[in-house]
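**Student:** Protein chains in written order, with numbering that gives the first Met the number 0: chain U, 0 to 239; chain C, 0 to 348; chain V, 0 to 266.
These are computed hints drawn from the structure, not numbers from a lab. This one's a predicted model, so the numbers in the text were calculated from it and none came from an experiment. Backbone N, C-alpha and C define an ideal beta-carbon position, used for all residues, glycine too. Check each hint, because a few of them may be wrong.
[Said to hold, decoys possible] Here are some, though not all, of the chain V residues that point toward chain C, as calculated from beta-carbon distances under 10 Å:
| id | residue |
| --- | --- |
| 1 | L106 |
| 2 | K152 |
| 3 | A173 |
| 4 | E177 |
| 5 | L202 |
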Amino acid sequence: MIKFQNVSFAYEKGRPVLRDLSFSIARGEAVGLIGANGAGKSTVMKLLLGLLFGEGRILVDGTEVSKANLAVIRRKLGFVLQNSDNQMFMPTVYEDMIFGPLNYGLSREETERRVDAVLARLGLTELKHRYNHKISGGEKRMAAIATVLAMEPEAILMDEPSSALDPCNRRIVINTIRDLTQTKLITSHDLDMILDTCTRVLLLSGGRLVADGPAEEILRDRALLEANRMELPLSLAGRR
Amino acid sequence: MHMADALLSPAVAATMYVASGAVAGVSIHKLKKDDEPRKLPVMAVTAALVFAGQMINYTIPGTGSSGHMCGGMLLSALLGPQAGFLSMIVILAIQCLFFADGGLLALGANVWNMAFYGCFVGYYLIWRPIVKSSLFGEGKPAMRARIALASVLGCIITLQLGAFSVVLETSLSGITELPFGTFVALMQPIHLAIGLVEGLITTAVLLFVYESRPELLMDVEAEADGSKRSLKAVVAVLAVVALLVGGGLSLLASSNPDGLEWALFGNAEEGYAENMGLDEEAYGVESAAADTAEAIQEKTAFLPDYAFADSDSAVGTSVSGIVGSAMVAGVAVLICLAGGFFRKKMTET
Amino acid sequence: MNKMEKALYELSEMDELAARSSPIHRLHPAAKLLSTIAYIVVTVSFDKYDLSGLVPMLLWPVLLFQLSGIPVRTCFYKLRIVLPLVMAVGLFNPLFDRRIVLQLGTLAVSGGVISMLTLMLKGLLCLMASFLLMATTPIDKLCAALRMWHVPKLLVTLLLLTYRYVGVMTGELAVMTEAYHLRAPGQKGIHISAWGSFLGQLLLRSMDRAQELYASMLLRGYHEHFHYAPVRPFALKDALYAALSISAFLLLRYVHVAALLGKVIVR
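With the sequences and hints as input, model every part of the structure.
**Tutor:** Structure follows, in structure tokens:
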């Protein structure tokens, strides 16, 4: 579904952010992308979405990410931003949800059907006509996920989906993510969340892929994590 | 400066709607030709920021009162005149719709008074000529000085124009019994003080942006392409502006020549024109009380003479210009003090 | 609450009022906008001494308050700052216009007093009309009406986007102001040393935010076209409402209802 082939990228010459990165993600896989601040996680997301262009090849469902293919690529990918305020730019939740589908030429009826279905599935029906500036942080995050789901993407990318949420809202978001059947690529420092939602983990460090394997395995490897400025997820740390 | 609906007659309001609408139409056309979709989010976020920024209280050193930011100059320096104008329209519309500041019918007039002057006059006649010039020489300090000069001058001039338009529109609407001259004499000095404070705040913000991200400012990076204007050009533009403003106002004033109002009015305007170059000094509030006393004394001493001496003596006019400047400064200080006093009263109760 | 929090509160209060339901709320936004504009135009067109002619215009907002269930108190609370400013302009009239136009027993009323009262009433009426429009019409519906009237797309979209970000930015500045004052007790405003950086910092962050926002629009297929919440088609009842209210205004403008009523009692 997603394939990086020898991808490199630098914002400034001589200071590469990504170095010769290669990996592939199969359809339906749930992958966590972890690494310290500045390891290149966001850049991976931006390259994949065609917001940045670097060297090497990136394929989404067999189509190369290039300026000419942007519409096709973005149609397949849904991106949940870390800051929901930047994602939800219309006055109401409903208007934000219809924004994507209508842009892709869906009819009003079909859009309406999707919006209602997604809201019902996430248990947010009550939020439909609320104002974006008046809902809580937790509601906003869920609504942001809903705006992406309304586009029915084939793969969902999430940037820190559990950040700044209370434990209860964090749990709701985690359960929601777990229930999604699409291909998932999630970046986060919340390793417990990654453990709960992903089956596979990619560990980035200094723009290189230093580990790629089952989540249970990598997230248990205390030495590997600590060498890369992370620590064991609480649930695996065995503390009391 | 927001005008309420009740201050306008339908005819004046409609005229202002047409005028502002035409400028908006031209702006939209221009933006569409450029890269509109990319600019839209920037415009929205900046407009929202300016809206919120208008609520910040800036303490004015030495007075205990506080000032606010206008936004017209700031927006046009950041977004350019067209995008700045449209952003101001939206800000004014939200203020009138949700905060009852201004009015639905008066929106056209408010857009003209605050957005048109602030964005178009402020940008084309003040910001761009000054910032692009070689005034104060080369390098960063010179650019800082140019930004400061353009901001202060821009805010003062555009606010004066705006305040004068408020008077003109209200008078043409036949709303107030206040004689035209008196109204002008009330409005212009108040807005001289307001404009000065706003200019200084705008300067502070723009200088900060210049230090951190100069590429965000309009025309600032254009230095490299050699399209500089000479100092002469700047001076010429400023002179034209001053003449237009001063001359226009005097013409209007002479059509209403009755005694004290006329003198007050004439003085205030000439004082303003002379004052333009040295607002920072005029604003030195440290010795506020002394200045005020002096100004009042001067006023009582000179004004009757001037009113009776009439206008044909060249000496009389220049003397009156000086008196006017002092009065304007005095009134400015008084207003700052009064503003602080009332605000204090209001917060105490 | 600081100023920004108050503004946020007022915004959300308007949103809440507009989200209620009443016969007025259910009218088409274009009909409401049209009749509000007509009302304001007719109101300000009254002669400056025609106080008694203007008084009956009060009936329309009173009626709307009743029909929509919007509390009058909220309206006056909102107008508390603006109203005195409107009034202030009229205050000079009694000084300049001292012609006695009315003799009530021993009380002589000058033209200036009449025109001052007329101006104040006009101000009040116009503000109430605008308030009632916004208290019964959500912003997105109003924008849809503006689009119906061919107000340029760029402007309407900008209005919607800005409205959305007014909430976000005001909220952030409110927090920043609080943070500032927590570390600067006793200061009333922002000290001159922070004039530039206080707003400047947020401005720089906002530019990045605008970029991210644009990215999020692009990622959802944006290409110069915004779709708005659908507004139901303009129906007969909307046309009737607009036509009826506008004819009522014109009637009140040209037929001196107050005088007619007065004649019934006073001969």
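**Student:** All the hints need checking, so say for each whether the structure fits it.
**Tutor:** Hint check:
| no. | hint | verdict |
| --- | --- | --- |
| 1 | L106 | violated, 20 Å |
| 2 | K152 | holds, 9 Å |
| 3 | A173 | holds, 8 Å |
| 4 | E177 | violated, 12 Å |
| 5 | L202 | holds, 6 Å |
Figure legend: structure checked against the earlier numbered hints; hints not met, in rising order: 1, 4.
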